[in-house]
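Chains as they are written, first to last, in the working numbering: chain Z, 1 to 269; chain E, 1 to 135; chain F, 1 to 386.
Any given hint could be a false lead.
As the list claims (entries may be wrong) - Below, in silico cross-link-like pairs of lysine-lysine (DSSO-like), each with a Cα-Cα straight-line distance of 27 Å or less:
1) E:K110 - E:K28
2) F:K4 - E:K4
3) F:K159 - F:K79
4) E:K87 - Z:K42
5) Z:K40 - E:K87
6) E:K6 - F:K32
7) E:K4 - F:K159
8) Z:K191 - F:K32
9) F:K4 - F:K222
10) F:K32 - Z:K89
11) Z:K59 - Z:K191
12) Z:K42 - E:K28
13) E:K56 - E:K80
14) F:K234 - F:K306
15) Z:K59 - Z:K118
16) Z:K40 - E:K4
17) Z:K88 - F:K32
18) Z:K41 - E:K87
19) E:K104 - Z:K191
20) Z:K40 - E:K28
21) E:K104 - E:K30
22) Z:K191 - E:K40
23) F:K146 - F:K32
24) E:K56 - Z:K40
25) Z:K91 - F:K32
26) E:K110 - Z:K191
27) Z:K91 - Z:K75
28) Z:K42 - E:K40
29) E:K104 - Z:K75
30) Z:K42 - E:K45
31) Z:K228 - Z:K75
32) E:K80 - Z:K41
33) Z:K40 - E:K80
34) E:K6 - F:K10
For the record, the hints were derived by calculation from the structure and aren't laboratory data.
This is what each chain is made of:
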Amino acid sequence: MKNRRDFLKVAGASALGLSTLSAGNAFAIGEHFIPADQTKKKDSVLEGTRWGMVIDTRKLTPEIVEDVTHICREKHNVPDCQLFEEPKKNKEHHEIKWIWEEHFHNAFPNMAADFLAKKLEDTPFLVLCNQCENPPCVRACPTKATFKRPDGIVLMDFHRCIGCRFCMAACPYGSRSFNFQDPRNGLVDRKPTNPDFPTRMKGVVEKCNFCAERLAVGEMPHCVEVSKGAITFGDIGDEHSEIRLMLEENYTIRRKVALGTGPSVFYIV
Amino acid sequence: MNDKIKIIAGLAIFVLIFTCPFWINGGKAKDVPKPVLSEKALAAKTCVLPKDEMAKNHMQLLDGWRNSVVRNEQRVYIIKDANGIEKEYDMSLSNTCLACHTNKAEFCDKCHEYASVNPYCWDCHVDPNVKEASL
Amino acid sequence: MLDKALNGSKSYWLWLAGLSAIIGLAFLVYMKQWTFGLGITGMHRDFTWGFYIAQFTFLVGVAAGGVMLVLPYYLHDYKAFGRITILGEFLAIGAVVMCLLFIVADMGQPTRAMNVILNATPYSMLFWDALVLNGYLALNLIIGWKLLEAERNGVAAPKWVKPLIYLSIPWAFGIHTVTAFLYSGLPGRGFWLTAVLAPRFLASAFAAGPSFLMLLCFIVRKNTNFDPGEKAMKTLMKIITYALIANIFFFGCEVFTAYYSNIPEHMAHINYLFGFGDHSHGVLVPWMWTSMILMITAIIFLVQPKIRNNEKYMPILCIMVFIGTWIDKGMGMMAGGFVPSPLHHYNEYVPTVPELMITVGIWCVGFAVITILFKIAVSIKEEIRA
Chain Z
1 MKNRRDFLKV
11 AGASALGLST
21 LSAGNAFAIG
31 EHFIPADQTK
41 KKDSVLEGTR
51 WGMVIDTRKL
61 TPEIVEDVTH
71 ICREKHNVPD
81 CQLFEEPKKN
91 KEHHEIKWIW
101 EEHFHNAFPN
111 MAADFLAKKL
121 EDTPFLVLCN
131 QCENPPCVRA
141 CPTKATFKRP
151 DGIVLMDFHR
161 CIGCRFCMAA
171 CPYGSRSFNF
181 QDPRNGLVDR
191 KPTNPDFPTR
201 MKGVVEKCNF
211 CAERLAVGEM
221 PHCVEVSKGA
231 ITFGDIGDEH
241 SEIRLMLEEN
251 YTIRRKVALG
261 TGPSVFYIV
Chain E
1 MNDKIKIIAG
11 LAIFVLIFTC
21 PFWINGGKAK
31 DVPKPVLSEK
41 ALAAKTCVLP
51 KDEMAKNHMQ
61 LLDGWRNSVV
71 RNEQRVYIIK
81 DANGIEKEYD
91 MSLSNTCLAC
101 HTNKAEFCDK
111 CHEYASVNPY
121 CWDCHVDPNV
131 KEASL
Chain F
1 MLDKALNGSK
11 SYWLWLAGLS
21 AIIGLAFLVY
31 MKQWTFGLGI
41 TGMHRDFTWG
51 FYIAQFTFLV
61 GVAAGGVMLV
71 LPYYLHDYKA
81 FGRITILGEF
91 LAIGAVVMCL
101 LFIVADMGQP
111 TRAMNVILNA
121 TPYSMLFWDA
131 LVLNGYLALN
141 LIIGWKLLEA
151 ERNGVAAPKW
161 VKPLIYLSIP
171 WAFGIHTVTA
181 FLYSGLPGRG
191 FWLTAVLAPR
201 FLASAFAAGP
211 SFLMLLCFIV
221 RKNTNFDPGE
231 KAMKTLMKII
241 TYALIANIFF
251 FGCEVFTAYY
261 SNIPEHMAHI
271 NYLFGFGDHS
281 HGVLVPWMWT
291 SMILMITAII
301 FLVQPKIRNN
311 EKYMPILCIM
321 VFIGTWIDKG
331 MGMMAGGFVP
341 SPLHHYNEYV
351 PTVPELMITV
361 GIWCVGFAVI
371 TILFKIAVSI
381 KEEIRA
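Based on the provided sequences and hints, a complete structural model is requested.
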């Protein structure tokens, strides 16, 4: 009796050990990278030490804001929540936002003064992911699905995201959106507006990627190109860059700096 | 051991249910599908890696590609072909693989369906050859 | 010992069959969520954790609450708890099972759950939460099982169980502390960003867990020959009293800090929850006041030994504590954190019917686990007595 029990224990333990071993092998696939000597960046790549953005709100007009938000949605296949069949009402509950318009007092809730300049009250403010120097979302993510690149861009790896939405609770800027349903439900005929860029799948979080796919081939972000000079993009880690000159010459503000996140998006007001 | 009949009946039912795929298919296996090469792929003669290696390990290669592109910012794959000539490829499922294998249904889906694997590539990545039909 | 679970009365089987039916129905609803996505819930862009995570947070507390039996019994040799310590451990198992199921139900990509282990990320609190919860489950399973087995065979438990028991005590505090850290380490969420959150979580846990256990004790006593013991139950009521007072005290500290400092970002959330201020949003206002009234009324009764120690009033008091803390730490904790949003929008949340059904289904799984484990424990205790 005693012997049989011990045998069963040993057999059970070894079966467990074996299955973990083989499972370990299967899991190793998930971390597979191509060896560094077999890969390179494109020759035309734009590289920086810390990408940043200056938005000159004095130059923003409703038309520019419309162009900027539109090109971003179109080029990144961001769904239009009004096309969703569900939910029947409050379709904006499932809205995906990368760059969008807010009032000053929403973009800067802790700066909203009683006697705010009239022009600020009326100016449309563009908000997007701040690509923080010290991103709380990256700290929160349990799978490193969101991570910070050496050039400062905070990126999403949609293959890895488990959809726990911890990053959304962590982001103090509301810059992240969750795919509560298949985002293709929000594309006309379920067709991507830009076939060269993937869509996303249901159950993952997404946000602005500073057009990492454009920088990789040597182009400026889409929003910058249609902004008629209102948005400047550059390497704020490089003291000789154009954007650093702009920051030196103009008084700029950033959203919720007191939280220590170190936003890389600056506003001239 | 009054329950002998019950136990045997139970076992028999279990065995029957467990082996039902064999009974339903009449003991015959389905033909193994062969991936069909598009004209473009035929003309190219060679893939990124030798054919056998691609057939066996394309998932690892694609997994490596996506990690290298997304997480390491590397977009170009450099590999020597059979003649020792170095070639470069854009590491892109939609824009490199499917640019040549223009027949996703015949080339990818057929085998995946047969093997009952369900890669979620196409939940996000776009088949550039399907312009009209919805995703 | 499992044989005890297979040998029950008609009502035992009817109860389990009823639970299974609800679980089956809830599973069908979950299939809908599986195919469509979390969009079948009432959650939205500004309110990204809802009813599931509310239950999760509360139930981690219930699980940790079991330590209120283990600690006095093993560290202070408080004999009266000897009979029911096992029930506390088994309740913790049921609660942790529910917690894990609520986490899975809340995931956008549940098939990738193992990524948390594969890509282990020590700076993410969620990674630690997954570790401590599974660890606590394992600890309680092993300890509970071994102790009960030893009791049945009339021998002393193996020596290696003792260190595990001692380990399980700080571990219980750990699971709820880490759960609080999920919230309290996030910048820009004024309601959660407070050092008193973890202590407050523990306080409400030590009220909610024991009050749930008390209710279970009454059910067990009514349906079986097992008596948890009058002394043990009176002591549990005392524990509930102090823990509940601590919970309200900590909340009072929050209120003082927010309002005396007069910092809008900290006041806004409490204003929203309790309906102060002049905006028209407040789906939770009646709930929050219900919670407060339940907890404060319960305290008023509990501090009077005559009422607290009267078995006639114990169940109703425990129900008050349970519901009060459930609202407070469940939906109250979620809504307080998410409304207003970081951009000061007031977008409220109401759970949908499918969401509620899945929630009920998971609770039923928990009840089934607790029923079976309690059945085993109580049967063995009856057997020993006989």
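Going through the earlier hints one by one, which of them does the structure break, listed in rising order?
Hints 6, 7, 11, 12, 16, 20 and 23 are the ones this structure does not satisfy, whereas the remaining hints hold.
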